[in-house]
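The lines below spell out each chain.
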Amino acid sequence: MDIASFIGIFGGLGVVAFGAFSGGSLGGLIDIPSLFITGGGSFLCLFTTYPLSYVLGIFNVMGRVFKTFDFGEKALVQKLVSFSEKARREGILALEEEIQDLDDEFMRAGLRLVVDGTDGEVIRTLMENELNQMEGRHMVWITLVNAWATLAPGFGMLGTVIGLIGMLSNLEDKSSLGPNMAVSLVTTLYGSMMQNWLFVPISGKLGYQNSMEVKSREMVIEGVLSIQAGDNPRILAQKMLTYLTPKDRKAIESDVMKD
Amino acid sequence: MDIASFIGIFGGLGVVAFGAFSGGSLGGLIDIPSLFITGGGSFLCLFTTYPLSYVLGIFNVMGRVFKTFDFGEKALVQKLVSFSEKARREGILALEEEIQDLDDEFMRAGLRLVVDGTDGEVIRTLMENELNQMEGRHMVWITLVNAWATLAPGFGMLGTVIGLIGMLSNLEDKSSLGPNMAVSLVTTLYGSMMQNWLFVPISGKLGYQNSMEVKSREMVIEGVLSIQAGDNPRILAQKMLTYLTPKDRKAIESDVMKD
Amino acid sequence: MDIASFIGIFGGLGVVAFGAFSGGSLGGLIDIPSLFITGGGSFLCLFTTYPLSYVLGIFNVMGRVFKTFDFGEKALVQKLVSFSEKARREGILALEEEIQDLDDEFMRAGLRLVVDGTDGEVIRTLMENELNQMEGRHMVWITLVNAWATLAPGFGMLGTVIGLIGMLSNLEDKSSLGPNMAVSLVTTLYGSMMQNWLFVPISGKLGYQNSMEVKSREMVIEGVLSIQAGDNPRILAQKMLTYLTPKDRKAIESDVMKD
Amino acid sequence: MDIASFIGIFGGLGVVAFGAFSGGSLGGLIDIPSLFITGGGSFLCLFTTYPLSYVLGIFNVMGRVFKTFDFGEKALVQKLVSFSEKARREGILALEEEIQDLDDEFMRAGLRLVVDGTDGEVIRTLMENELNQMEGRHMVWITLVNAWATLAPGFGMLGTVIGLIGMLSNLEDKSSLGPNMAVSLVTTLYGSMMQNWLFVPISGKLGYQNSMEVKSREMVIEGVLSIQAGDNPRILAQKMLTYLTPKDRKAIESDVMKD
Amino acid sequence: MDIASFIGIFGGLGVVAFGAFSGGSLGGLIDIPSLFITGGGSFLCLFTTYPLSYVLGIFNVMGRVFKTFDFGEKALVQKLVSFSEKARREGILALEEEIQDLDDEFMRAGLRLVVDGTDGEVIRTLMENELNQMEGRHMVWITLVNAWATLAPGFGMLGTVIGLIGMLSNLEDKSSLGPNMAVSLVTTLYGSMMQNWLFVPISGKLGYQNSMEVKSREMVIEGVLSIQAGDNPRILAQKMLTYLTPKDRKAIESDVMKD
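Residue numbers (this note's numbering), protein chains in the order written: chain A, 23 to 281; chain B, 23 to 281; chain C, 23 to 281; chain D, 23 to 281; chain E, 23 to 281.
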């Protein structure tokens with residue numbers, strides 16, 4: 023469970039509620055038709071752009087911000103270096119049994135290609151192609167959330183303009199002028215909140231998760247190709263260490279760089 | 023028929039109508055001169071930028087969002103792998119008769135070049151050139167819809183400013199002030215709706231359709247060149263599978279990777 | 023004469039005039055000092071950025087949107103393929119006399135280099151350099167029009183703020199409040215119109231014309247280099263055809279692909 | 023201590039205070055709930071996007087604008103040229119003892135690879151990888167500050183809309199209308215100040231510091247590879263000098279270019 | 023002296039003054055505290071981002087828009103072609119004495135490398151590196167002016183919000199309402215003017231001057247490398263001519279292309 027996302031989403035909502043409370047307008051901010059116009063209208067427009075299955079899956083994908091993903095970079099380095107040492111000592115075929123137990127499907131597929139004696143350039147093409155396609159799929163999701171983030175304030179503004187037109191067409195009752203205008207503004211508020219509090223930060227997190235996953239897979243590609251080429255395990259270890267933060271690097275440096 | 027686009031376009035319109043109805047201003051939102059200024063004015067400005075035939079064709083192109091396009095990626099993989107196997111078994115010339123029946127003009131042209139013994143580098147240049155030109159033509163259309171998406175709120179704002187100037191020049195009749203301003207705002211509403219509800223989502227869909235088509239053609243190029251180079255059909259199958267979603271891949275993996 | 027540009031510019035103006043007329047403010051929209059502040063002020067600022075000759079030439083360049091340019095892509099393909107065939111049949115020197123009559127200076131210069139026996143790589147560098155420089159010069163013009171498109175609404179807003187300040191400093195005469203504010207808004211209207219109705223569409227057209235010219239020159243470079251390399255005219259024809267729209271291609275395919 | 027950052031941050035605040043004082047509203051600008059909504063709300067939203075440790079570390083990172091960083095480019099050139107001369111005169115192994123005393127960890131690691139006889143291409147990969155990862159980490163921080171710079175005015179606007187809604191729902195007391203609206207505007211002011219006075223300039227400085235550090239490391243990579251390749255120290259000196267400003271270059275030119 | 027910049031800056035100011043005069047508010051537009059808040063506040067924020075010496079040098083750099091720079095492209099072509107001919111006729115060492123008298127430091131340094139017998143690839147690296155560093159330094163200045171162009175309207179808006187807050191907190195005196203609001207708007211006016219009339223055009227000019235200088239240096243690099251490689255002076259002349267405008271090319275074509 024990703025505690026930071028909880029802090030962000032519930033904390034942000036709390037701050038807005040506090041603001042409304044201290045401004046004495048907490049009740050006036052909750053208006054179901056306004057929510058329907060802003061949230062529903064912008065959501066429906068997503069259907070025009072994206073296939074049905076994508077739009078319906080967006081809530082599921084946005085829920086990913088609450089999950090923690092561990093791409094285990096430190097363990098990755100240690101595993102790849104140990105494979106490299108084994109391959110050097112006992113030959114590439116010795117990796118066959120190691121591969122059976124691997125959880126990481128991407129690494130397993132790559133190493134199987136190595137064991138099968140596939141050409142290095144072909145392995146690189148296959149693995150990079152797969153990585154690019156994965157990133158492409160992630161990008162569709164991120165673009166989808168971004169599209170919502172842009173449409174929401176657009177529909178918020180639309181709702182306010184519609185409210186203003188209704189109000190201005192009928193100015194006789196001066197006493198209802200203020201409250202009517204207040205209601206009109208609620209859609210602007212909802213649109214702006216959806217953008218600033220929800221969709222932009224969520225799309226940012228999805229992008230961050232994607233960049234972490236891409237980075238860990240680039241490490242796997244680098245490692246698998248290094249094993250295929252029969253590089254010195256020490257050089258591989260050094261290459262892998264450059265991907266880690268200085269702190270993580272310190273933690274495992276002595277381990278993987280053992281002479 | 024693309025059901026999602028129907029949901030998006032008619033659903034979005036319905037939400038706006040509901041908003042107007044619940045705000046009691048449904049009648050006040052329909053104003054033909056305002057529609058003419060916003061939609062007509064911005065449409066006419068497209069003529070300044072693009073050739074006649076393009077601007078007149080824009081409604082046709084926008085209608086594409088209601089059509090479903092199936093670039094049949096799974097069938098593509100199976101076909102290319104079976105061609106590759108045949109070429110390996112019986113020689114490249116054996117593909118000649120297969121080509122006759124191909125519906126896919128792009129693949130047929132590519133394979134004919136292979137059968138004719140054209141050099142691989144030349145085939146790549148020809149096929150990529152054709153793909154780039156196709157994408158270039160699509161991009162002109164997408165840019166055209168985007169241009170309209172930008173001009174529409176510009177003309178909406180223009181209409182509102184014109185209305186305000188007319189209203190302010192003649193303030194004597196206080197009672198007509200509100201309704202006049204309401205009418206002025208209708209063009210802003212139309213401009214914003216055209217952008218958020220119509221043109222931006224439609225341009226997004228056209229872009230999505232283009233990216234799917236480009237991807238399927240890249241698969242064809244990859245496959246044709248692989249056949250020309252006499253690659254192992256198994257390697258080709260693996261390359262092709264990386265283009266598919268994990269679900270699609272599962273579905274045909276056992277089929278094309280048969281040993 | 024480019025009829026589309028006429029439709030765009032005069033049609034767009036007509037729509038705005040119709041809007042003003044139907045809002046009863048046609049007279050109030052014409053204000054020479056406002057035009058001077060918005061159009062003149064933004065135009066003068068262009069002098070700060072660009073050399074004298076460029077700024078003074080901008081009206082001339084913008085006038086190009088009314089001219090039709092025909093880069094004759096179909097004829098280009100036919101000519102280059104016929105040259106290629108002749109060079110193959112009778113040797114490259116046989117092109118010497120053909121070159122004399124060529125109107126297209128760019129193609130002539132390129133083919134003369136071929137006849138002179140210049141190295142292919144040098145020809146490519148020279149021709150691409152020339153193409154890049156031409157595009158660079160076009161880009162300065164397009165940037166200039168874009169700069170005006172950005173400055174015009176800036177000065178429009180400036181004029182409105184100046185008008186508001188004048189009006190607010192002197193609020194005694196309530197009856198003149200409305201008309202004064204109306205006049206202030208006219209500069210906003212002019213700035214927005216210059217941007218949406220004039221400069222953005224014109225800059226778009228200049229960009230479109232440039233992209234067509236660049237494409238036709240790329241075809242010439244491709245063709246000239248193909249002739250220099252002694253490629254098969256059939257391959258050249260196929261390469262050239264990929265640049266054409268499907269319709270144009272159909273029209274001349276049988277002609278240039280004759281066996 | 024970076025005196026310029028002090029001038030910028032405290033001077034900028036002083037100017038705003040002066041403006042408020044001369045407008046007679048200094049007291050009215052300080053409102054703790056408004057600060058909490060604008061600053062707190064936007065800060066909390068950062069948690070949704072970034073991992074806990076990053077968000078909590080942001081104040082520390084922003085504090086870097088007050089520190090001066092000296093990447094010592096002049097000394098770098100002199101050191102690398104002297105190493106190059108020594109390696110040429112006494113062989114690469116002679117650098118071993120020099121390396122012990124080096125403070126610059128990046129240069130030391132690079133030179134040790136040279137002394138160990140590592141291949142030049144491998145050294146380049148390792149060093150560039152490390153540089154890219156460092157820049158990637160810096161970029162996350164800069165993006166984080168930029169995200170705050172974008173969210174702050176968003177929450178400022180949100181606060182104002184909330185205030186307006188509260189005010190408009192309750193228009194009876196005309197006398198409190200002005201002050202209530204004034205309070206609503208304070209969040210807009212805070213959001214705009216955080217963006218213009220604080221976060222955008224700070225993110226700019228972090229970007230500047232990063233570009234300086236990247237440049238100095240590129241010099242080290244260039245120098246280390248030049249030593250590995252056994253280049254003429256004079257050529258290395260010339261390469262290094264191109265990285266310096268004309269003034270710095272003058273200062274050490276005679277020193278490192280001694281014949 | 024660059025007459026165009028004078029026209030732009032003083033003409034633009036004159037148009038704004040005319041607008042203020044015709045709106046009867048010339049006196050009301052001059053307000054020293056407003057100038058201090060908008061110009062001073064935004065200027066001080068630059069200190070947070072850039073080193074002291076850069077910020078203090080900005081006025082000097084902006085003064086460059088009034089200077090004319092002649093990068094003498096025509097003379098450049100003639101000189102490089104004549105050097106090329108001499109080197110071909112009398113050998114590269116014959117250039118030694120020509121170099122002594124060269125004013126252009128960049129060309130002199132390049133040619134000295136040629137005379138010293140430096141390798142072509144090394145010369146290219148050294149010269150391009152130097153060009154990139156020069157462009158990098160220019161870019162810091164241009165970015166600095168752009169930063170000011172963005173901050174100025176930000177502080178203008180800040181000043182207006184501060185003024186509005188002061189005014190709204192104290193609504194008793196209705197008669198001062200208008201003038202107070204007028205004063206508030208003056209900072210918006212100043213911010214917008216600084217951006218549209220001053221900083222954006224000036225930054226544009228600095229960018230234009232930079233692009234001209236970069237282009238002339240690219241010509242020198244091309245020419246020096248061509249001389250080093252012993253290319254035919256005729257080919258060099260043709261390469262150089264592609265950099266010139268059609269008009270300039272006509273003027274010297276017969277001169278440098280003499281057989």
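Do not rely on the hints blindly, as some may be mistaken.
If chains are identical, the list can't say which one is meant, so a pair holds when it fits in one copy or spans any two.
In silico BS3-like cross-links for lysine-lysine, where the CA-CA straight-line distance does not exceed 30 Å [what the hints assert, rightly or not]:
#1 K101 - K272
#2 K269 - K196
#3 K108 - K89
#4 K108 - K196
#5 K272 - K237
#6 K196 - K96
#7 K237 - K196
#8 K89 - K196
None of these hints come from the bench; they were simulated from the model. Bear in mind the structure is a predicted one, so any value in this text is a computation, not a measurement.
To see whether the hints hold, each was checked on the structure:
For the identical chains of this complex, K101 and K272 are neighbours both inside a copy (17 Å) and across copies (27 Å), given an alpha-carbon limit of 30 Å. Proximity of K269 and K196 under a CA criterion of 30 Å is satisfied in neither setting, with 66 Å inside one chain copy and 61 Å between copies. When the C-alpha separation of K108 and K89 is checked against a cutoff of 30 Å, the pair qualifies neither within a copy, at 35 Å, nor between copies, at 48 Å. Taking the closest pair of Cα atoms, K108 and K196 never come within 30 Å of each other, the shortest separation being 85 Å inside a single copy and 83 Å across copies.
In this homomeric assembly, K272 and K237 come within 30 Å of each other (Cα to Cα) both inside a single copy, at 19 Å, and across copies, at 25 Å. Within a single copy, K196 and K96 get their C-alpha atoms no closer than 68 Å, and across copies no closer than 65 Å, so neither meets the 30 Å cut-off. For a Cα distance limit of 30 Å, the shortest separation of K237 from K196 qualifies neither inside one copy, at 61 Å, nor across copies, at 60 Å. In this assembly of identical chains, the alpha carbons of K89 and K196 never lie at most 30 Å apart, being 51 Å within a copy and 50 Å across copies at closest.
Consistency note: the structure conflicts with the earlier hints numbered 2, 3, 4, 6, 7, 8.
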